[in-house]
Amino acid sequence: MLIQKESDKSLYTDVWVVAEVGGGKVQPVTFELVGAARPLADARKSRVVAVVLGSGVGNEAPTLFSHGADHVLLVDDVRLAGFTDEIEASVLVRLIGKYKPEIVICAATTRGRALIPRVAVTARTGLTADCTELGIDPENGDLLQTRPAFGGNIMATIRCSSHRPQMATVRPRVMKALEADVTRTGEVLHEKVLDSDCSKIKRIVEIVHGADSAVNLADAAIIISGGRGMKGPAGFELLHKLAQLIGGAVGASRAAVDAGWVPYAHQVGQTGQTVQSKVYMACSISGQIQHLVGMQSCDMIVAIDKNPETPMMQMADIAIVGDVFEVIPEIIAEIPRL
Amino acid sequence: MKIVVCIKQVPATNNAKIDPETKRIVREGLEAILNPFDTYAVEEAVQLREKLGGEVVVLSMGPEKAGLALRECISAGADRAVLLSDRAFGGSDTWATSYVLSKAIQKIGDVDLVICGKQAIDGDTAQVGPGIAAHLGWTQAAFVMKVVDASATGLRVQRMHEDGYDVCDVDYPAVVTVVKDINSPRIPSLRGRMAATKAEIPVWHPDDIGTDLALIGLNGSPTRVVKTQPPPARNTVTQVMFGSPQESAHALVRELRKRNLL
Ligand SMILES: Cc1cc2nc3c(=O)[nH]c(=O)nc-3n(C[C@H](O)[C@H](O)[C@H](O)COP(=O)(O)OP(=O)(O)OC[C@H]3O[C@@H](n4cnc5c(N)ncnc54)[C@H](O)[C@@H]3O)c2cc1C
Ligand SMILES: Nc1ncnc2c1ncn2[C@@H]1O[C@H](COP(=O)(O)O)[C@@H](O)[C@H]1O
Numbered sequence: 001m002l003i004q005k006e007s008d009k010s011l012y013t014d015v016w017v018v019a020e021v022g023g024g025k026v027q028p029v030t031f032e033l034v035g036a037a038r039p040l041a042d043a044r045k046s047r048v049v050a051v052v053l054g055s056g057v058g059n060e061a062p063t064l065f066s067h068g069a070d071h072v073l074l075v076d077d078v079r080l081a082g083f084t085d086e087i088e089a090s091v092l093v094r095l096i097g098k099y100k101p102e103i104v105i106c107a108a109t110t111r112g113r114a115l116i117p118r119v120a121v122t123a124r125t126g127l128t129a130d131c132t133e134l135g136i137d138p139e140n141g142d143l144l145q146t147r148p149a150f151g152g153n154i155m156a157t158i159r160c161s162s163h164r165p166q167m168a169t170v171r172p173r174v175m176k177a178l179e180a181d182v183t184r185t186g187e188v189l190h191e192k193v194l195d196s197d198c199s200k201i202k203r204i205v206e207i208v209h210g211a212d213s214a215v216n217l218a219d220a221a222i223i224i225s226g227g228r229g230m231k232g233p234a235g236f237e238l239l240h241k242l243a244q245l246i247g248g249a250v251g252a253s254r255a256a257v258d259a260g261w262v263p264y265a266h267q268v269g270q271t272g273q274t275v276q277s278k279v280y281m282a283c284s285i286s287g288q289i290q291h292l293v294g295m296q297s298c299d300m301i302v303a304i305d306k307n308p309e310t311p312m313m314q315m316a317d318i319a320i321v322g323d324v325f326e327v328i329p330e331i332i333a334e335i336p337r338l
Numbered sequence: 001m002k003i004v005v006c007i008k009q010v011p012a013t014n015n016a017k018i019d020p021e022t023k024r025i026v027r028e029g030l031e032a033i034l035n036p037f038d039t040y041a042v043e044e045a046v047q048l049r050e051k052l053g054g055e056v057v058v059l060s061m062g063p064e065k066a067g068l069a070l071r072e073c074i075s076a077g078a079d080r081a082v083l084l085s086d087r088a089f090g091g092s093d094t095w096a097t098s099y100v101l102s103k104a105i106q107k108i109g110d111v112d113l114v115i116c117g118k119q120a121i122d123g124d125t126a127q128v129g130p131g132i133a134a135h136l137g138w139t140q141a142a143f144v145m146k147v148v149d150a151s152a153t154g155l156r157v158q159r160m161h162e163d164g165y166d167v168c169d170v171d172y173p174a175v176v177t178v179v180k181d182i183n184s185p186r187i188p189s190l191r192g193r194m195a196a197t198k199a200e201i202p203v204w205h206p207d208d209i210g211t212d213l214a215l216i217g218l219n220g221s222p223t224r225v226v227k228t229q230p231p232p233a234r235n236t237v238t239q240v241m242f243g244s245p246q247e248s249a250h251a252l253v254r255e256l257r258k259r260n261l262l
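Chains as they are written, first to last, in the numbering used here: chain A, 1 to 338; chain B, 1 to 262.
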């Protein structure tokens, strides 16, 4: 809502975390968001409220409390079993109107990024996408939201001073979850889905889980990524093997995806995904600009290539000059020796 | 069947260089291109029209030169284009942008389906598609990787998620945003290129679509970019390993170990 006079801002309190729910379970990224919300609520002397929309989520509150939530707002309804964003948005808009949170954050996952813009538009407020930093302006208490744009080439700080709530999606794996404290408890509030939330909705016919966690680029701490030099699907087998061994995900350059060696869901770069893992291991990826914009924000870049002159090898923290088919098996052999 | 495809003109990264100091893209002097994701949106719309009949209208909000991006879409098979251009639109955030586009979609009239790219490569928000759906009160499907089936009343689509995908049915009117996986855009035909050159592209202003001036441009935008800065430089000195595969592997694993990454 547009704030008419400055004093109306005080009508809006609390920091809401919209939980990421999959298969009736609150997903780990939610705890990162609660961890990010905690200092904001403390600075504003308000509470962290986790909002859980799902089906069979009745027992999810304790883990949210132990990770730092003060309240949990539960909406448990079979109609929320799949990801029907129209229903979720309608419920959230209603609850925002009722409880008037000051800040609402949500994970910048495909679900969060589909759902929350719908909520923000309907609630007539601003939404900052894919934030990597959130803070409170000590001068006036506004939320300062920092995010990468243009493929990570500029960082923009964004403010929403004239509307409430202030809304943001937050990039997974950037914020830190708090150490779980099982002695923490809180209050659970129950809310309902109304029939009026369910008009004009999609029908979900089937939910297909990716067979392997190896494709979950957003959540992975380490990404093992391959390019043209992996020569074919067999080369990617090698990367899968390494990724599996260290609990990482497999990424790919556009060339490898276009060649059909690996599905599109693995593609990193301008027309694929932007990733920000702790380690990005680029295996024979030359480093075209369109690929670099998708991974240059990773903490540490390791490149393996025969040619030390490629842009990727030049930008890497560690550049291993060598044949991927010789080096990677050696890495695989090295790991159990840890 | 009337399909509107929303497209955005964005700065190109094709010819960009990496700044040797900051290891980041040099943005200055980049040419303007059609947002890469929007080429897939246009192709999908054209394929749907070929199957179901009807018309594909491409729509963009942007400065005059965004007309070039619209022409490119006509060469790729769109039937006609509309440009929303006015100083009053400038500075729009995603709320205001999706509002203006939704007003134009209403003015175009009788629209069954709106297709957007998954996101624009400059703002990178991915918020405009779902925003349009919200303004119009339509159903939506974001990050669509495949149209499984299309009829005169609705679509069956696959939506991409981090942990797999789902299949869902959406009835028209609906808004869909698409990822690259969905199709392979065609090469423009000679006929398409001629149509693009000849096309008359009407330019609409706030009055033409009945927008509330308090809801567009900088004034209508709840968010404000208050500061931009380059990201923290990757001030790393590349450590090059020239040893045998075994030596390098050993050194790498030790290094990752040391940093608690394994
Ligand atoms: C550095 C920076 C950061 C920004 N951060 C935010 C932010 O966090 N929140 C916010 O609300 N705004 C933000 N903006 C403003 C936002 O980029 C613009 O409002 C823009 O109009 C929307 O573009 P987008 O790149 O976000 O589009 P996206 O939502 O990423 O684009 C998705 C699709 O929507 C369609 N589309 C987008 N723009 C147009 C258009 N002008 N005409 C026709 N179709 C279009 C296309 O189909 C496109 O593929 C930011 C701008 C900058 C420069
Ligand atoms: N003269 C203009 N006419 C129409 N749209 C514009 C104009 N200038 C900028 N825009 C759009 O407004 C949004 C914000 O742009 P900017 O003001 O450059 O940050 C972008 O999506 C532009 O496409």
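Hints are not guaranteed to be accurate.
[To be verified] Pairs of lysine to any residue residues, derived as SDA-like cross-links and limited to a Cα-Cα distance of at most 20 Å, are as follows: (1) Lys241(A) <-> Leu261(B); (2) Lys198(B) <-> Pro11(B); (3) Lys200(A) <-> Gly154(B).
Hints were generated in silico from the structure; no laboratory data involved.
Predicted model only: the values in this text are computed from it and were never measured.
Each hint, compared with the structure:
1. Restraint check: the Cα-Cα separation between lysine 241(A) and leucine 261(B) comes to about 18 Å, which is no more than 20 Å; the hinted pair holds.
2. At roughly 25 Å between alpha-carbon atoms, lysine 198(B) and proline 11(B) are farther apart than 20 Å, so this suggested pair is violated.
3. Note on lysine 200(A) and glycine 154(B): the hinted pairing holds, with a Cα-Cα distance of about 12 Å set against a maximum of 20 Å.
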